[in-house]
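A.B. asks: Listed here are the chains, written in short residue letters.
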Amino acid sequence: MKTLGEEEKKVATKLAELLKLLGLEDNRDIELEDVELTIGEIILDPSALTSATLKAITPPKMKAVPPLAPTKAKPTTILEAPFTPFVQEYPGKIREVTLGATKSEGGSRGKPVVIGGATTPAFYLFEKTPPNPPVISVDVFDMKVTLPKAIRMQVEDVWEDTAAWAKRAVDKWGAKVLTLHLLSTDPLIKDTSPAEAMKTVEEVLQAVDVPLIIGGCGDPKKDAAVFTKIAEMAEGERVLLSSVTLDMDEAGVLEGVAKAAAKHGHLILGFTALDLNRAKELNRKLCDYIPEGDILMDLTTAALGYGLEYSFTIHERARIAALMGDTELQHPVLSGTTNAWAAREAWMNLGPEWEPRSLRGPLWETVTALSLLLAGVDLFMMMHPDAIRTMKKVTQQLMTRGKAKPEKIANWANAKI
Amino acid sequence: MNVTEREVKRGVKQLSPIDVYMLLPRTNCKECGEANCMAFAAKLVNREVSLEQCPPILKKEHEKTYKKLQDILAPVIKEVTIGTGEHAVKIGGKLVMYRHEFTYHNPAPIAFDVTDEMPLHARFPGEEAIIDRVKKVENFLYNYIGRDLKLDMIAVRSTSNDPTTFRSAVDEVTKTTDLPLILCTFDPSVMEAGLIAASGRKPLIYAATKDNWKEMADLALMYGCPLTIFAPNDLDLLRSLSKTIIEYGVKELVLDPGTFPDEGVSDTINNFTMVRRNACKGGDELLGFPLIGTPITAWFGEKDSKEMLAWKEAYITSMLVSRYADILIMRSLDGWVQLPNVIWRFNIYTDPRKPVSVDAQLYAFGKPDEMSPVFLTTNYALTYFTVESDLKKFGGNYYLIVADTEGISVESAVAGRYLTAETIAEAVKNSGVAEKVKHKYLIIPGMAARLSGETEDELKNVSLAGWRVIVGPRDSSGIAKLLKEKWPPKEGEEE
Chain A
1 MKTLGEEEKK VATKLAELLK LLGLEDNRDI ELEDVELTIG EIILDPSALT
51 SATLKAITPP KMKAVPPLAP TKAKPTTILE APFTPFVQEY PGKIREVTLG
101 ATKSEGGSRG KPVVIGGATT PAFYLFEKTP PNPPVISVDV FDMKVTLPKA
151 IRMQVEDVWE DTAAWAKRAV DKWGAKVLTL HLLSTDPLIK DTSPAEAMKT
201 VEEVLQAVDV PLIIGGCGDP KKDAAVFTKI AEMAEGERVL LSSVTLDMDE
251 AGVLEGVAKA AAKHGHLILG FTALDLNRAK ELNRKLCDYI PEGDILMDLT
301 TAALGYGLEY SFTIHERARI AALMGDTELQ HPVLSGTTNA WAAREAWMNL
351 GPEWEPRSLR GPLWETVTAL SLLLAGVDLF MMMHPDAIRT MKKVTQQLMT
401 RGKAKPEKIA NWANAKI
Chain B
1001 MNVTEREVKR GVKQLSPIDV YMLLPRTNCK ECGEANCMAF AAKLVNREVS
1051 LEQCPPILKK EHEKTYKKLQ DILAPVIKEV TIGTGEHAVK IGGKLVMYRH
1101 EFTYHNPAPI AFDVTDEMPL HARFPGEEAI IDRVKKVENF LYNYIGRDLK
1151 LDMIAVRSTS NDPTTFRSAV DEVTKTTDLP LILCTFDPSV MEAGLIAASG
1201 RKPLIYAATK DNWKEMADLA LMYGCPLTIF APNDLDLLRS LSKTIIEYGV
1251 KELVLDPGTF PDEGVSDTIN NFTMVRRNAC KGGDELLGFP LIGTPITAWF
1301 GEKDSKEMLA WKEAYITSML VSRYADILIM RSLDGWVQLP NVIWRFNIYT
1351 DPRKPVSVDA QLYAFGKPDE MSPVFLTTNY ALTYFTVESD LKKFGGNYYL
1401 IVADTEGISV ESAVAGRYLT AETIAEAVKN SGVAEKVKHK YLIIPGMAAR
1451 LSGETEDELK NVSLAGWRVI VGPRDSSGIA KLLKEKWPPK EGEEE
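Same order as they appear, the protein sequences are chains A and B.
The first sequence begins at 1 in our numbering and counts up by one.
The second sequence begins at 1001 in our numbering and counts up by one.
Be aware that one or more of the hints could be misleading.
Coverage of chain B stretches by chain A, computed from C-beta distances (three or more under 8 Å per stretch; other residues unrestricted) [claimed, not checked]: (1) 1179-1189; (2) 1240-1250; (3) 1269-1280; (4) 1337-1348; (5) 1388-1399; (6) 1416-1423; (7) 1458-1464.
Below, simulated EDC-like cross-link-like pairs (lysine to aspartate or glutamate); rule was C-alpha separation at most 20 Å, straight line [what the hints assert, rightly or not]: (8) A:K405 <-> B:D1262; (9) B:K1303 <-> A:D161; (10) A:K405 <-> B:D1404.
Estimated spans, in silico, between C-beta atoms of each pair [said to hold, decoys possible]: (11) A:K149 <-> B:N1046: 53 to 59 Å; (12) A:I78 <-> B:L1120: 36 to 42 Å; (13) A:Q396 <-> B:D1351: 32 to 38 Å; (14) A:I78 <-> B:N1046: 57 to 63 Å.
The set of hints was computed from the structure by calculation and includes no laboratory data.
Note that CB positions come from ideal geometry on N, CA and C, so glycine has one too.
Turn these sequences into a full structure, and let the hints guide you.
C.D. replies: Printed below as a string of C-alpha cells:
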C-alpha cells in the first residue's frame, strides 16, 4: 500500500466528513473498504503483466459501442476480433499433501494419494492444469448407523463388520481413500474406549491398503484421547485425523493431539464452521505443533438446500485469498459431502412427481459435490456409489481440455432426440 | 507487483458511493426517501434503489450527469430482456464474476424444449407432446423455505426444418402460454416463420452462426428481438461475431460457446469461465453479454438409458448454474432432475452477505395453552420454515422457541457450537415460555440429541429447575408421531 499523497488525504478527509454525516464513522467494515476504493488509485505495473495479459486488458474507459449510425455501412463479412484469455499470475500456491505412506516410507499403504498443489482457481485449465485431481474418500462407519434407504441398500449386509464394509468400498466401489468414522466412541452413543477404537482401525488397516481418514465423534476430549491413541498405533501411516477444532484448544487438548500427529507422522484436519477468520486462527495454532504441510482444512459443507451457497462462497473466497498469498489458507480443503443427505429433499417422500428417490438422493449428493468441486475442494468424503461414480468421471473429464467435439452439437437446435 | 483479482476489478470497474455522490444533484431533498444524497448514493452502489427514484436527476439540467450515471452504473454483463410486459424475463445484468464480490442478479431462467414435430397432446402414455409439456412447465411448483420455485420458459425447436410446420407449432405455443419464448433453428426462413407467429412476444432468437449471422441479424432488427450467437468451442468466432453483429446494429445479444456433454465438459466449463472472466476482469465489452447454457445437448451425446441422460443433463445444469450460465435450455421435466437445480439456482442468487435467518424469539402456532408442547429449533430460515410448515400441517397448538444460531441449521450449529446447552437454556429463558406453560418439558431437535443431558443442567443454572428435555425427531416431519407417542409425557417416561 502506498503512502497517501496530499490529494488523497483531502479526499479521505472529505470522505470521513461524509461518513460522519451518515452517522457511519464507527462502522468499520464496509466503509473502510469504500475509503480504500476511493483513494486507492490503482496503478497496474506493466512489467508485472505477461504480454498475453496486456493484450487482453482493454482500457478501463473503453469507448461505448456507438449506436447504430444510419450513415455507417453495415458489415458484410465477419469482422475479425480474436479472443485472448485474460490470464493472471498468482503469488500463492496450495500446499501439496500426501495421504498414506508405503512400506518404504514407514507405513503399509499400497498407493499413497497426493492432493493439493493448485496454482490457479479450480479447473482454470486455460491458465494451468491442476497438478493433482481432487480425490474422493468413501465413508465407512464403525457401527450400524441411521442411513437413508438409497445408501442403506448398498451396505446393510456388512454394516456390522467394519472391515468388510471397508473392503466393499475399496473392492466394489474402487475407493482410493477411506474415511473410517468412529461414531461408536461418542460418549452419548456407545462410548467405545480409545483402545477398542484403535483395534477397529487396526483391522481396517489390515483389510485394505488405501490411505485412511480417521473420523471422530465430535466430542473434543474423547476425540483427542482416541486420536492420540490411534496416532501412536498407526505410526508412520500418514492417516488424516478428522477433525480438530478450536473447542479442543479451549478444552486444552489440541496441543496433545497435534503433537502426537506430528510425532507419529500423520496429518491433521482443522474444522471450523463457515468462518475464515477462525479457520486461520486454528491453522496458526496448529502450526505451533505440526508442520504446516501436514494440515488440511474443513470449512464446513452444508447440504444443497441447507446452506450450500455459504459453503460454496467461503470455499471460493478461501481459494482466491490463498492464491493471492494468504499463507494461512494455503492448505488443501476437505468437504464432508455426505452431509448432503441432511437435506430432507434428498431422502423424503415428497409425492410421486418427485420420484424416484433412488435417483433424487444420489443426485443431491452429486450436485453438492460438483458445486464444491468448482469452488476448489481437494478432498471429498462421499457415500453413495452413483454420486461417487459421477464425481470421479467428471473430475477426470475436467482435467483435460480440447476434447469437445463441436460436430456433435453443431446442429442440436434442429436435431431429433 | 502482481495483479490481484481485486486490483484488476478496481481498475476495470471501480465504483464507490463517492463516485456516484459527486454526480448526483446533492440537494439532499429527500424526495427519494433517503436521508440525504450520500445515503442514496450508497444504496445505488449496492443496487438497492434505481437511479430513477431520484426526481431531480431526471430534470433537463441534469441530462448529462444522468447519462453519465447510467453509464457508470451499467452492469458489466449487459441485461437482456426476453418477452414483453409482465411476462418479460431479464437475464444477465451481473456486476461481478464471483458471488462473494456482489449479489448475482437475475436468477437464470430455465427453458424447456418442445419441437414442431411433437403432437399437441400425447397419443400414448409417455409420448412427448407440445401442450402437455408446456402445461407441465407452467404447473411446476416447489415450496422451499416459504418461496414458490418455478420453471420459466419454453424453447420451440424446429426439427422439421419447414417454415409452415414451425409457424404452426409456435402459434400453438403462444396460444397456450404466456411464458417467454426461445425460438430455435439455424435456418433463417424457418426462424422468420416462427417470429411471425410469435409477433409481439419478443422471443430470444437461437441462433446466429458463422453461416447465417447476417440473415439472423436482419431478423433480430426487423422483429426487435434479442439474438443468440452460437460458436461451439470457438471463442475467436464468438468474439468476432459479437463485434460484427453489434456493428450491424443488434444491441441485445446472448452468447453460446457451446455446452458439451461427456468428454467436452472441461471445454464447456473453461469456455464459460474465460468468457465471463474477460468481461468482468478484463473489461471486454464484446463479451459482456449473458451466457446461455444448453444442458439439453446431453440428449445428443453418448447413447444411454433415458434415466442416465436425464442424470447427466441434471448435473451439467448444476455446474453451469455455478459457472456463469445466465439462461438455460433443458429437456427433462422430471421432478428429481429439476428439484436440485431450482434450489441451487435460488441459493446462488441470494445476497451472500446476508444470512438467511429469522428472528430468534418465541413463536405460537394455533392457540397454545398452558399444556401445549414447547419445541426448540434454530434461526436458519430453512430450518424454521420447514418446522413451521410441518407444525401447520399437523394442526394443533404449539410453542416454538427459535434460538439464535447465526442463521445456521441444527446439525451444523451443533457441530460448530452455535447451538449448545448454554445457548438453548438462554433461549428458553429469554422466550418467557416458562410463564406461559404449566409443564416443564422442552422438545429439542433429534439432531441435537447429544445436548439433552447437559441442557437439563444448564436449564437449572438459568433458574428453570425441574425442566426436562425430550429428544424430538431428526426431521420435523416426525413430530406428529412423537406427539402421538410421548405427549403429554407421563412421569418418569421422559428421555
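A.B. asks: All hints are to be evaluated individually against the structure, with a verdict given for each.
C.D. replies: We went through each hint and held it up to the structure:
no. : hint                           : verdict
1   : 1179-1189                      : holds (count 4)
2   : 1240-1250                      : holds (count 9)
3   : 1269-1280                      : holds (count 6)
4   : 1337-1348                      : holds (count 8)
5   : 1388-1399                      : violated (count 0)
6   : 1416-1423                      : holds (count 3)
7   : 1458-1464                      : violated (count 0)
8   : A:K405 <-> B:D1262             : holds (10 Å)
9   : B:K1303 <-> A:D161             : violated (39 Å)
10  : A:K405 <-> B:D1404             : violated (52 Å)
11  : A:K149 <-> B:N1046: 53 to 59 Å : violated (46 Å)
12  : A:I78 <-> B:L1120: 36 to 42 Å  : holds (40 Å)
13  : A:Q396 <-> B:D1351: 32 to 38 Å : holds (35 Å)
14  : A:I78 <-> B:N1046: 57 to 63 Å  : violated (40 Å)
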